[in-house]
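Q: Heads up: the protein sequence lines correspond to chains A and B, in order. With the first letter of the first sequence counted as 1, position 62 gets the number 62 in this note's numbering; the numbers rise by one all the way through. Offset between the second sequence (1-based) and this note's numbering: plus 178.
It cannot be assumed that every hint is accurate.
[What the hints assert, rightly or not] Taking CB as the label site, the calculated pair distances span:
1) 31/A / 225/B: 43 to 53 Å
2) 23/A / 305/B: 43 to 53 Å
3) 71/A / 335/B: 45 to 55 Å
By construction, these hints were calculated from the structure, which means they are not laboratory data. Quick caveat: nothing in here was measured; it's all calculated off a predicted structure. C-beta atoms are modelled at their ideal positions from N, C-alpha and C, and glycine is treated no differently.
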Amino acid sequence: MTRCLRDYTLLLLYKGDGTDQQWSHLSTCLLCTARYRQLVHDLEKIGQILASNPPPRIAAPQSSLFRQYWFPAVAALAATLLLVWGSVHWWSSLHPSRVAKTTAQPEQVSEFLQESVVPALFAMTDINSEPTTLVRVSSSAYVQAALEGGWPCERQEPFLTLGCEIHPFPLLLREQSY
Amino acid sequence: MGNFSKAIATVDESTSREELYLTHHAHVLRLCRLLLTDRYEAEETAQEVFLKAVREQQAQTPVRSWQSWLTRVAVNACRDRRRSAWWKWWQEKQSEFDAEALPSHSYTPEEQVLNREEHDRLWSSVRTLSTRQREVFALHFAGWSNQEAADILGITTGSIKRHLFHAIRHLRKALGDHS
């Protein structure tokens, strides 16, 4: 073995490990012997120092850093928030149509009420009752009925007789028949 | 360094509490001091370790070797203490002056300053070691072999060698670079 030993190998030799070749190299190489002696000396010195009590700790640098830089940090955060708020405000003033699109116009509201809400509120059918079949009567039926002096039945009740008793203006029709 | 552990390894297992304390206390305290790098915390932890040992004796639990049992319990106790929130808080707050940490009066003022500097530098270096490196170094310092340290910490011998090498290199740098 001609190459000098690594520090790791010197430590292994100090701990009692290592091969015969390494031990023989250590005994012949002056440089490695000096390094080994230095290692032993350092370990003894470390042992002596660490046998004493440890010194007190000093205050952690994190807390002093926080104390030193809390004001700039808070100021930067406030400035960022202000910038974000300002940019949002400026953008909304620059593009009002995009914001307005999200709200419904009054005409649309009234149309919706007329088409959907009013029929739902004033529906003639009862939700709890049995479903009835509605039969649409064509305009020819109205004409025929008008000629005959009657009124076409718009609703066919299963329990009713053939005579149509439900019609919007019974009194008026009765008067007309007389 | 190995003589200390070999000496206490010869103590009989059926030792009394006083014997147990007198034989192993210095060893446990030194180990805790290295692991916690604080004198008072180390003393408290060593007391906890011996309280557990007394409970084990009372429960008549069979212990093969009190030395390795105490070492294992001390390592775990120090690990738990370092993990606790109290430890972290206290570590930041502590700034009192330790008069007993001063060097002996037999030195000249220049030597005292130099020794104090070296002493503080080395202990600061120990504090910057990783937990595993510190544990491995503490066990090496207490005289345990690599195999014994591996058994106590539950890691391989190769890891022990590697951690010990890095720890010693780090501490030697604190003394002055000789590499």
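Q: Where does the structure disagree with the numbered hints, that is, which hint numbers, in rising order?
A: 2
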